[in-house]
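Trainee: Below, each chain spelled out in residue letters.
Protein chains: 2
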Amino acid sequence: MEYRTYPEFSTHYPLILTTFMKRPVEIYPNEIGVVYRNHVSGEYHRFTWIEWYKRTCRLANALNSLGVKPGKPDEPGERVATMALNTHRHLELYYAVPCSGAVLHPINVRLALDHIVHTINHAEDKVIFFDDLLLPMVESIYDRIKNTVKKFVYMSDKPGLPVTKIENLYEYELLLKQESEKFEWSYLSEDNYATLCYTTGTTGLPKGVMFTHRALYLQSLHLIARTSFVNDPTYIHLGENIVPMVITPLFHIHAWGAPFFYVFMGVKLVLPGTFTVEGFCELVQTEKVTTVAVVPTILALLLEYKDLDKYDLSSLISVSVGGGALPLGLKTKVENRIPGFTASSGYGMTETAPVTIMAFVKKYMTDWSKEKLDEVRVKTGMSVPGIEVEVIDENGKPIPHDNKTIGQIVIRGPWVMEKYYKNPEKTSNVWYDEWFHTGDLAKVDEEDFIIIADRMSDIIRSGSEMVPSILLENLAALADFILEATVVGVPDEVWGEKALAIIKLLPGSDKKEEDLIEFLRIEGVEKGKITKWMLPKLVAIVDEIPKTSVGKYNKREIKKNLAEYLAKAKDMKQG
Amino acid sequence: MEYRTYPEFSTHYPLILTTFMKRPVEIYPNEIGVVYRNHVSGEYHRFTWIEWYKRTCRLANALNSLGVKPGKPDEPGERVATMALNTHRHLELYYAVPCSGAVLHPINVRLALDHIVHTINHAEDKVIFFDDLLLPMVESIYDRIKNTVKKFVYMSDKPGLPVTKIENLYEYELLLKQESEKFEWSYLSEDNYATLCYTTGTTGLPKGVMFTHRALYLQSLHLIARTSFVNDPTYIHLGENIVPMVITPLFHIHAWGAPFFYVFMGVKLVLPGTFTVEGFCELVQTEKVTTVAVVPTILALLLEYKDLDKYDLSSLISVSVGGGALPLGLKTKVENRIPGFTASSGYGMTETAPVTIMAFVKKYMTDWSKEKLDEVRVKTGMSVPGIEVEVIDENGKPIPHDNKTIGQIVIRGPWVMEKYYKNPEKTSNVWYDEWFHTGDLAKVDEEDFIIIADRMSDIIRSGSEMVPSILLENLAALADFILEATVVGVPDEVWGEKALAIIKLLPGSDKKEEDLIEFLRIEGVEKGKITKWMLPKLVAIVDEIPKTSVGKYNKREIKKNLAEYLAKAKDMKQG
Numbered sequence: 083m084e085y086r087t088y089p090e091f092s093t094h095y096p097l098i099l100t101t102f103m104k105r106p107v108e109i110y111p112n113e114i115g116v117v118y119r120n121h122v123s124g125e126y127h128r129f130t131w132i133e134w135y136k137r138t139c140r141l142a143n144a145l146n147s148l149g150v151k152p153g154k155p156d157e158p159g160e161r162v163a164t165m166a167l168n169t170h171r172h173l174e175l176y177y178a179v180p181c182s183g184a185v186l187h188p189i190n191v192r193l194a195l196d197h198i199v200h201t202i203n204h205a206e207d208k209v210i211f212f213d214d215l216l217l218p219m220v221e222s223i224y225d226r227i228k229n230t231v232k233k234f235v236y237m238s239d240k241p242g243l244p245v246t247k248i249e250n251l252y253e254y255e256l257l258l259k260q261e262s263e264k265f266e267w268s269y270l271s272e273d274n275y276a277t278l279c280y281t282t283g284t285t286g287l288p289k290g291v292m293f294t295h296r297a298l299y300l301q302s303l304h305l306i307a308r309t310s311f312v313n314d315p316t317y318i319h320l321g322e323n324i325v326p327m328v329i330t331p332l333f334h335i336h337a338w339g340a341p342f343f344y345v346f347m348g349v350k351l352v353l354p355g356t357f358t359v360e361g362f363c364e365l366v367q368t369e370k371v372t373t374v375a376v377v378p379t380i381l382a383l384l385l386e387y388k389d390l391d392k393y394d395l396s397s398l399i400s401v402s403v404g405g406g407a408l409p410l411g412l413k414t415k416v417e418n419r420i421p422g423f424t425a426s427s428g429y430g431m432t433e434t435a436p437v438t439i440m441a442f443v444k445k446y447m448t449d450w451s452k453e454k455l456d457e458v459r460v461k462t463g464m465s466v467p468g469i470e471v472e473v474i475d476e477n478g479k480p481i482p483h484d485n486k487t488i489g490q491i492v493i494r495g496p497w498v499m500e501k502y503y504k505n506p507e508k509t510s511n512v513w514y515d516e517w518f519h520t521g522d523l524a525k526v527d528e529e530d531f532i533i534i535a536d537r538m539s540d541i542i543r544s545g546s547e548m549v550p551s552i553l554l555e556n557l558a559a560l561a562d563f564i565l566e567a568t569v570v571g572v573p574d575e576v577w578g579e580k581a582l583a584i585i586k587l588l589p590g591s592d593k594k595e596e597d598l599i600e601f602l603r604i605e606g607v608e609k610g611k612i613t614k615w616m617l618p619k620l621v622a623i624v625d626e627i628p629k630t631s632v633g634k635y636n637k638r639e640i641k642k643n644l645a646e647y648l649a650k651a652k653d654m655k656q657g
Numbered sequence: 083m084e085y086r087t088y089p090e091f092s093t094h095y096p097l098i099l100t101t102f103m104k105r106p107v108e109i110y111p112n113e114i115g116v117v118y119r120n121h122v123s124g125e126y127h128r129f130t131w132i133e134w135y136k137r138t139c140r141l142a143n144a145l146n147s148l149g150v151k152p153g154k155p156d157e158p159g160e161r162v163a164t165m166a167l168n169t170h171r172h173l174e175l176y177y178a179v180p181c182s183g184a185v186l187h188p189i190n191v192r193l194a195l196d197h198i199v200h201t202i203n204h205a206e207d208k209v210i211f212f213d214d215l216l217l218p219m220v221e222s223i224y225d226r227i228k229n230t231v232k233k234f235v236y237m238s239d240k241p242g243l244p245v246t247k248i249e250n251l252y253e254y255e256l257l258l259k260q261e262s263e264k265f266e267w268s269y270l271s272e273d274n275y276a277t278l279c280y281t282t283g284t285t286g287l288p289k290g291v292m293f294t295h296r297a298l299y300l301q302s303l304h305l306i307a308r309t310s311f312v313n314d315p316t317y318i319h320l321g322e323n324i325v326p327m328v329i330t331p332l333f334h335i336h337a338w339g340a341p342f343f344y345v346f347m348g349v350k351l352v353l354p355g356t357f358t359v360e361g362f363c364e365l366v367q368t369e370k371v372t373t374v375a376v377v378p379t380i381l382a383l384l385l386e387y388k389d390l391d392k393y394d395l396s397s398l399i400s401v402s403v404g405g406g407a408l409p410l411g412l413k414t415k416v417e418n419r420i421p422g423f424t425a426s427s428g429y430g431m432t433e434t435a436p437v438t439i440m441a442f443v444k445k446y447m448t449d450w451s452k453e454k455l456d457e458v459r460v461k462t463g464m465s466v467p468g469i470e471v472e473v474i475d476e477n478g479k480p481i482p483h484d485n486k487t488i489g490q491i492v493i494r495g496p497w498v499m500e501k502y503y504k505n506p507e508k509t510s511n512v513w514y515d516e517w518f519h520t521g522d523l524a525k526v527d528e529e530d531f532i533i534i535a536d537r538m539s540d541i542i543r544s545g546s547e548m549v550p551s552i553l554l555e556n557l558a559a560l561a562d563f564i565l566e567a568t569v570v571g572v573p574d575e576v577w578g579e580k581a582l583a584i585i586k587l588l589p590g591s592d593k594k595e596e597d598l599i600e601f602l603r604i605e606g607v608e609k610g611k612i613t614k615w616m617l618p619k620l621v622a623i624v625d626e627i628p629k630t631s632v633g634k635y636n637k638r639e640i641k642k643n644l645a646e647y648l649a650k651a652k653d654m655k656q657g
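Residue numbers (this note's numbering), protein chains in the order written: chain A, 83 to 657; chain B, 83 to 657.
Hint data in this document are derived by calculation from the structure and do not stem from the laboratory.
Source: prediction; values computed, not measured.
A pair counts as met if it fits within one copy or between any two copies, since identical chains are not told apart.
Cut-off 30 Å, straight-line C-alpha distance, at most; resulting in silico cross-link-like pairs (DSBU-like, lysine-lysine): (1) Lys-104 <-> Lys-454; (2) Lys-479 <-> Lys-104; (3) Lys-634 <-> Lys-609; (4) Lys-370 <-> Lys-452; (5) Lys-104 <-> Lys-486; (6) Lys-461 <-> Lys-104; (7) Lys-136 <-> Lys-479; (8) Lys-593 <-> Lys-611; (9) Lys-650 <-> Lys-413; (10) Lys-461 <-> Lys-641; (11) Lys-486 <-> Lys-136; (12) Lys-264 <-> Lys-486.
Make a model of the complete structure from these sequences and hints.
Mentor: Right, dumping it as structure tokens:
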């Protein structure tokens, strides 16, 4: 007699996002799960998990009705794109699309229009779901995408459709209303593709990266598990009682994983549309937000906000800062205002889903002084458990852990992309010798912490030497008169390139260009952190430093308008 | 041109135990990782992670030299058995064997000898590694296993081999000494089999269950992640600074996962050989143990220990109790002695690797009173995130969550076994309709907590009614004069079966058989927890209740010697 077994329900039980979606619905059906505040109208939308789930089921049925076809492991499902901010609807799309077997393509709406058009046509998006606020943007590219995109869905808090040239336009809320609140989620393979993200394309066109359910499941699970490893004495454990506000855009590499791990944890997710200071403060107060991750720029905006004192921000016990060096002046100010503040760094990129390296206090450090711990927290950190990270020299050998030698970061593991979408040649540039090559440079210190040195392309080549611009930026950030600082290479007849420092002073400061050089000389050269020839040859004091869509200094933008910055720059002629 | 990709280092990066083994070695090479105290000699053996790792590499080389052959996903590697207590050597075997591609079979040395012989021959163990203490046991079964087992390895803290009839006998420490401390761990598939465990075989012969690397990896990762979900206000987060003592035998279903998740976390693991009260107390004091999981019987032994006050047990901040109802008298006593004490329940079985259901405080309960929280913690609990648990009726439909209806627990998920080893027929008895059927009964309350009612075979069938013996045991445990209580069914001419309660009184108590019935009447019948006809018809007061290898009441043993218990029993003739 022949007996059957059920590997698909046991040893090969699939690691799929459907498991994440279902958990809060089963455990906390009647607890508030998703809060969205429209940052324009100030209106709140609150959903219990069961309400959110039923909307997601309706959406899955609507995708069916719109004719979106699911895929198979070796054949991606049809692409459904979003042009949307951090709203409950976007979170519904984050589950309805992948869990019904299609591929979610969250479009980074801060890219150049040409790049947005490229990603839509390259992805062959079949449907685009877009926010009412982004209607003008969709209209402006409509003629260049209408042959690719068959249907458009308009998402708004207000009923009705706008007058527009866009054809085949549907209304999100109406679509949902027409469908059943029940949906039979099909049994997916964990190798089914779930999302398609594009790189920001600092050089050339954005490249597409598809992630499988397995990759996203495993990244989330390892990141959640990592919380259990944490030794940092400032860490306060709240379990499912944390209330995170997701400020990182959902269109920016899965908002670093937030829509996945927070849903699986079943915590209340607060979505602010897009970041505004008053929206931030109000949401913290009304929703008792405990946890946010921000870039330094957002902190600066907060502290400059005149009405800050009117809000009760005391629930905030975990504010982590990443994505750039944290200026000391800013840090001190924030520490006086927000009790749970910690600066901590991390590293990742689109190709790695993204999180791979995070700040980490080692277990023998827990009784170190606050100052020493702060230093540890702003080192880029250690690999997330479950992923392999190495820093290698030109021969592919690991560099010595001497806090000096610089090598390239290479990564492999279950949430690293296998290939660029429809681009085998670019894939072969980064995937060889069994490792994914990031193109980013780092050193490793004696305690095995990886410290990002620079993008390979951001290294300033001065003579035969390399000036790591991040090193100078991090040093400059320590000056108590500086609010923001970046360093770029500018052409030089003698040296090939020389360093230009661009700084924004703290409000009220009367410091001059020379003061930066003096500071770098004392804190950098004399303390052996940099050599004298690394000192910037040019310094420009500006009112605003351009930022990328994630709040990092936009060096590409600066280089585009280099003449403008050179005109403002003062020649230091030192040495 | 043909470009290659690397799915084996990205999307299909394998989930294998090698990743767990390597993490502490990379992060904490020079921290003490493994402490073993020989419970006979009292000697300590301490190993840094790098020392432990090098020994594990030597062992992997030795396995090679012994001719142990690795397997493939569809073909298990050769079986390497252990007959060993909780020692550093056993932990070395836990990694060297599976990570080199062979299958580890930890023999439950508390099984009947016939059953041990059966598992060895059924598993076709090629090598057995055994502790010096277990030499007499190996000798006693030698003639019945020597045709199967080709080689034996003797593990001892003392050098030299004993005089014995066992042929092909090797010395563990000598084997290691002869090998290189370097080993190239091969690239394994996550579907490679890692371990082979046998059920305790309460009915019939023990059945074999093989687990893949993937199953064990995913169980551990979900259990670690689960810690991040915890809302229990008594939970103290220590991260990698917890110091667990592993009391559950490593031969008992992976000691509930301890050798896997604690190594991946890189925490210091304390191994006591086997449990003794003085060993326990000394290890807590010297190693500053923070975390233990025990069965109620061990707590009772501790509290009865006359020298308890001589030890400093203040480091113990997380003592969880499972595997049986916790008598109230015992609970109160422990709470006065051990600050971090919490009673919490859980559920699992060999076939599920084992952990599947654990006590859980829901997020809206965190401000409940201690008494109410204690009630929540001793309900069996909720499914571990990542696994599906249902309680179904005879038609396979989920039962109502009414805290009343009883159904069968069915489970599916990535760490549920696919099949019994070489036993398709038994497999088909438990795996059908897409679910693994546990044969255990439970009800579900209004808050979706699953509460184990009984083994199907432990249900007492009295007339047309079913008396759930666990319900009676849990109730009896609440009496402040009772130290231990169990209930079994005995044959009855009229009713088919009737309930016999067997109790052990708290030392010094002068209560009588009638007092139990009176207590059950007041706390059970009058409060509507049981009906009158469920009251035991017979009560026996005894000095000792027999226990299984994991400290549960051994009903099989009781039924074997039923005449003896019936002779002691008093007929209650109530009702």
